[in-house]
Amino acid sequence: MYGNLIDALPAVLSLGNILAVVVGVIAGICVGALPGLSATMAISVLIPFTFGMDPLVALGMMAGIYNGAMYGGSIPAVLLRIPGTPAAVATSFDGYPMAQQGRGGYALQVAVVSSALGGIASALVLMLLAPPLAKVTLLFGPTEIFWVAVFGMSAIVFLLGGDIIKGLISAAFGVFVSLIGVDTITGYERYTFGHLELLDGINIVVLLVGLYALPPAIGLLEEVRDFDTKNTGRLNTTSIWKAIPGMLKYWKTWLRSSVIGVFVGILPGAGGSMAAFLSYNEARRASKNPDDWGKGEPEGVAASETSNNADTAAALIPALTLGIPGTAVAAVMLGGLLIHGLQPGPMLFRDNPEIVFGFMWQFLFAAILLIFLGGALATNSFAQVLRLPRPLLGAIIIALVFIGVYSINNRMFDVYLMLGFGLIGYFMDKLKFPLPPVVLGLILGGFAEQNLRLALRIGGGDWSILASSPTAKVLIAMVLLVIVSPLVSRRLRARKASKVAG
Amino acid sequence: MGFKSLSVAAALIVSCITTTSALADYPEKKIDMIVGFAAGGGTDVMARNIAPYLEKYLGNGVSVVVKNMPGASGQIGITAVAEADPDGYTIGTYNLPGAMARTLDRNADYDADSFTYLANIVNDPNVIVTPKSSDIDTMDKLVEAAKARSGAVTVAMSSLGGDDHFFLQKLSSATDADYITVPFSGSAPARSALMGGHVTMGIINVSEVVNFRDELNVLGIASKERSSMAEDIPTFQEQGYDLVNGALRGFVAPAGLPEDVESKLLAAFQQTYDDPDFQTAMRKSGNPTELALGDDFEALNAEQLELAKQIWETQPWK
Chain A
482 MYGNLIDALP AVLSLGNILA VVVGVIAGIC VGALPGLSAT MAISVLIPFT FGMDPLVALG
542 MMAGIYNGAM YGGSIPAVLL RIPGTPAAVA TSFDGYPMAQ QGRGGYALQV AVVSSALGGI
602 ASALVLMLLA PPLAKVTLLF GPTEIFWVAV FGMSAIVFLL GGDIIKGLIS AAFGVFVSLI
662 GVDTITGYER YTFGHLELLD GINIVVLLVG LYALPPAIGL LEEVRDFDTK NTGRLNTTSI
722 WKAIPGMLKY WKTWLRSSVI GVFVGILPGA GGSMAAFLSY NEARRASKNP DDWGKGEPEG
782 VAASETSNNA DTAAALIPAL TLGIPGTAVA AVMLGGLLIH GLQPGPMLFR DNPEIVFGFM
842 WQFLFAAILL IFLGGALATN SFAQVLRLPR PLLGAIIIAL VFIGVYSINN RMFDVYLMLG
902 FGLIGYFMDK LKFPLPPVVL GLILGGFAEQ NLRLALRIGG GDWSILASSP TAKVLIAMVL
962 LVIVSPLVSR RLRARKASKV AG
Chain B
6 MGFKSLSVAA ALIVSCITTT SALADYPEKK IDMIVGFAAG GGTDVMARNI APYLEKYLGN
66 GVSVVVKNMP GASGQIGITA VAEADPDGYT IGTYNLPGAM ARTLDRNADY DADSFTYLAN
126 IVNDPNVIVT PKSSDIDTMD KLVEAAKARS GAVTVAMSSL GGDDHFFLQK LSSATDADYI
186 TVPFSGSAPA RSALMGGHVT MGIINVSEVV NFRDELNVLG IASKERSSMA EDIPTFQEQG
246 YDLVNGALRG FVAPAGLPED VESKLLAAFQ QTYDDPDFQT AMRKSGNPTE LALGDDFEAL
306 NAEQLELAKQ IWETQPWK
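Same order as they appear, the protein sequences are chains A and B.
So for the first sequence, my numbering puts the first residue at 482; every next one is plus one.
So for the second sequence, my numbering puts the first residue at 6; every next one is plus one.
Bear in mind the hints are in silico, worked out from the structure with no lab data behind them.
All of these numbers come straight from a predicted model, not from anything done at the bench.
Where hints are given, some of them may not hold.
[What the hints assert, rightly or not] Below, simulated DSBU-like cross-link-like pairs (lysine-lysine); rule was C-alpha separation at most 30 Å, straight line: (1) B:K137 x A:K616; (2) A:K954 x A:K733; (3) B:K289 x B:K314; (4) A:K776 x A:K913; (5) B:K289 x A:K616; (6) A:K954 x B:K314; (7) B:K289 x B:K229; (8) A:K769 x A:K977; (9) A:K616 x B:K146; (10) B:K314 x B:K152; (11) A:K977 x A:K733; (12) A:K776 x A:K954.
[Stated by the list, open to error] If the Cβ cut is set under 7 Å, some of the chain B residues that face chain A in the computed set are: (13) G64; (14) G66; (15) Q80; (16) A193; (17) H203; (18) K323.
[What the hints assert, rightly or not] On the chain B side, residues computed to face chain A include the following (Cβ under 8 Å): (19) D110; (20) E149; (21) N216; (22) G291; (23) G299; (24) E318; (25) W322.
Ideal placement from N, C-alpha and C gives every residue a C-beta, glycine not left out.
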């Protein structure tokens, strides 16, 4: 197998194939940076055009787009607190405060280096460990996935923000949104009011854009005066190569977040946003100064950006070997492979090694290219956008999100829905309700509910199935650890404090 | 002769001229092909494979443009086809039994009479599979397990009211045993739970199993004859179970298509199907083909609707 890897390299290094990856990365960064456009959508749009292309050109572009978009989402998340993709929500927690402190340029540099490292780790894992990791995918049935979702929800405690009641209301709203649509288990329609467009549930991008992009865009329109120079004037200009040595202290976060990203990638149904939330929370828990998080801690940006890129190539592990796409993007990519007559499975590796292994190389190159393209070129040119007068910038963002949301399913219904969420988001913003719990509630609430019910169906209604497998037991222990350990450490700290005082 | 009747006569003449010229020259503008699923899915790949061949055989330099209208498991796209002008410039993909099942379990704005049936192209028979780790590797063992204890056999499904679900209902009556459906949202998690042994068995299509013979036990195929894609899989009929079922994918146009337009389209579909290059493309993308043209397709649809009704009345799936 490793011999095949080397054999596939020359074809990948041809000019056309390299160019495809470069174009893909650039396009991906742009798509990711524009709120409302996502990697899933960009690749679906690309697929029809790949019919006439050489397979490696088509796949190279897809690998580039996937990696580029996962980083690109962080650009508006840092500069404007508008996550360009769902996976960049966690990046905005610390990235935007950094930008407000005049460290936006450094935040973007941390983001691009972390994204590239996450992508490289993911590609290497895909190249070297695909068969054993595909077996790990299969350990996770509904029971185990339910526990992963519960584990993810433990992150909610931090995301609730200062006011716990308001945080819980936000989370409950997110879970409510996850209920909308056909209940996949009984087939009954929930809160659809007879609209076919609601049967499949609410697309996360529609909600995200409504809540996160519209209110700040309206905020920009409200600023009559000139733009402030805080973000724009001082956007870091030191070269990325000089900045990297200072980042090496994040190596633990890079490593941990890569592992989390790869793990979430091989789980079917989860995606980059779950990876980012999980790894942000884990990094914060491991940090010596957790109280600084959310106020401009670069390590938070590193955690979230590493893992959402570490999710990319890993999602293809079960997709290529077992026909089980780990994320929505991987599912679309399988379609792209099918068009070229490449069906997933062991035969693919036997019959078309030059393409499969070439595709893996392209993932690696796309990740490395991120540093060059994302660092110098895109970061600076996108930062220039901020020099626009604020009302103009707001108007442009609003126009772009309309186009983006319309093109998800080619229909106006989603645009109206987004406007509705925009209204909700605007008032949540004014009334200081935190937004992250909504996103987490939508992603994990639905995930937990469905998998719990599937698990109980498999177990014939017996709750003991939830602790039946070794994997499930390990996960339960992890959940307990996460919930109990802060209580214990607080108790210990209190005792220490009273000893000192006494 | 009053002004009114004169204008009516004029309108008639004009409309005659325009319709006859339209018929003579069809197709004279682009044809929209509506796909009720997102780009990259099985139905979309079929549509994009067939479009260039239709362009070739319809002639006149026509372009066939694929338009994705995803949502509500294809219902949004199929409704758009039913409501389009029957002029031959809108056709759409059509999935059975889903398209007809939706008229039963949901409020649908179309029914079996809303369409001109053009051609069914793909027939992907169901197969029963179990994880390789499972002891259940024959039909007899499966039926024995299902009869031994109610609720013992769990079945991974990718949705409710699809071809896999219909097949399960048939299996249940044919073997006189109960099976527990475990409906996942989509085929990826269903397939994962199946391969990981979290459920007893799965019902998928033969195209999804041909590349995974080492990972799954295949108990039988629900076609009348063995599949050319996997000659070694015995049919259920050979094993004494009268089970024939599958996922069908084809093309329809709105009802009331002008006759010459219809016959031109039917001819183009027949020529496309007979084109060896098209067959190769379909085989490479894992689509087992079986043509049912025009009236045959309509009869096939009626048969599927009848079956869906029977199941819906006796064992509603929601």
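Results for each hint:
1. Taking the CA atoms of K137 (chain B) and K616 (chain A), the gap is near 13 Å; set against the 30 Å cutoff, the hint holds.
2. For the suggested pair K954 (chain A) and K733 (chain A), the alpha carbons sit about 27 Å apart, so the restraint of at most 30 Å is met.
3. Pair hint K289 (chain B) plus K314 (chain B) does not hold up; C-alpha atoms about 35 Å apart against a cutoff of 30 Å.
4. Taken as a hint, the K776 (chain A) and K913 (chain A) pair is honoured in the structure, with Cα atoms around 16 Å apart against an allowance of 30 Å.
5. Under the criterion of a C-alpha separation no larger than 30 Å, the hint pairing K289 (chain B) with K616 (chain A) is consistent with the structure, at around 27 Å.
6. Between the alpha carbons of K954 (chain A) and K314 (chain B) the distance comes to roughly 45 Å, so the proposed pair goes past 30 Å and is violated.
7. The straight-line distance between the Cα atoms of K289 (chain B) and K229 (chain B) is roughly 23 Å, inside the 30 Å bound, and the hint therefore holds.
8. As the CA atoms of K769 (chain A) and K977 (chain A) are separated by approximately 18 Å, the hinted pair is consistent with the 30 Å bound.
9. Between K616 (chain A) and K146 (chain B) the CA atoms are separated by roughly 26 Å; this keeps the pair inside 30 Å, and the hint holds.
10. Between K314 (chain B) and K152 (chain B), the direct Cα distance comes to roughly 27 Å. Compliance with the 30 Å bound is thereby established for this hinted pair.
11. Under the criterion of a C-alpha separation no larger than 30 Å, the hint pairing K977 (chain A) with K733 (chain A) is consistent with the structure, at around 29 Å.
12. A distance of roughly 36 Å separates the Cα atoms of K776 (chain A) and K954 (chain A); the hinted pair therefore is violated under the 30 Å criterion.
13. Residue-level restraint check for G64 (chain B) is violated (minimum Cβ-Cβ distance to chain A is 21 Å; threshold 7 Å).
14. Violation of the interface hint for G66 (chain B) is found here, the shortest Cβ-Cβ separation to chain A being roughly 18 Å, above the 7 Å cut-off.
15. With its C-beta approaching chain A no nearer than about 6 Å, Q80 (chain B) sits inside the 7 Å limit, and its interface hint holds.
16. Using the Cβ-Cβ criterion of 7 Å, the hint placing A193 (chain B) at the interface with chain A is satisfied: the shortest such distance is roughly 5 Å.
17. Against a cut-off of 7 Å between C-beta atoms, the interface hint on H203 (chain B) holds, since the closest Cβ of chain A lies about 3 Å away.
18. Because the closest C-beta pair between K323 (chain B) and chain A is about 3 Å apart, less than 7 Å, the hint holds.
19. Hint on D110 (chain B) holds. Least Cβ distance to chain A is approximately 7 Å, under the 8 Å limit.
20. Of the supplied interface hints, the one on E149 (chain B) is violated, with its beta-carbon coming no nearer than about 19 Å to a beta-carbon of chain A, more than 8 Å.
21. Checking N216 (chain B) against chain A: minimum C-beta separation of about 3 Å stays under 8 Å; hint holds.
22. For G291 (chain B), the interface hint holds, the least distance from its beta-carbon to any beta-carbon of chain A being 5 Å, beneath 8 Å.
23. Look at G299 (chain B): its Cβ only gets to about 28 Å from chain A, farther than 8 Å, so that hint breaks.
24. The beta carbon of E318 (chain B) is not positioned within 8 Å of any beta carbon in chain A (closest approach about 16 Å), and the interface hint is therefore violated.
25. Against a cut-off of 8 Å between C-beta atoms, the interface hint on W322 (chain B) holds, since the closest Cβ of chain A lies about 6 Å away.
Of the numbered hints listed earlier, those contradicted by the structure are 3, 6, 12, 13, 14, 20, 23, 24.
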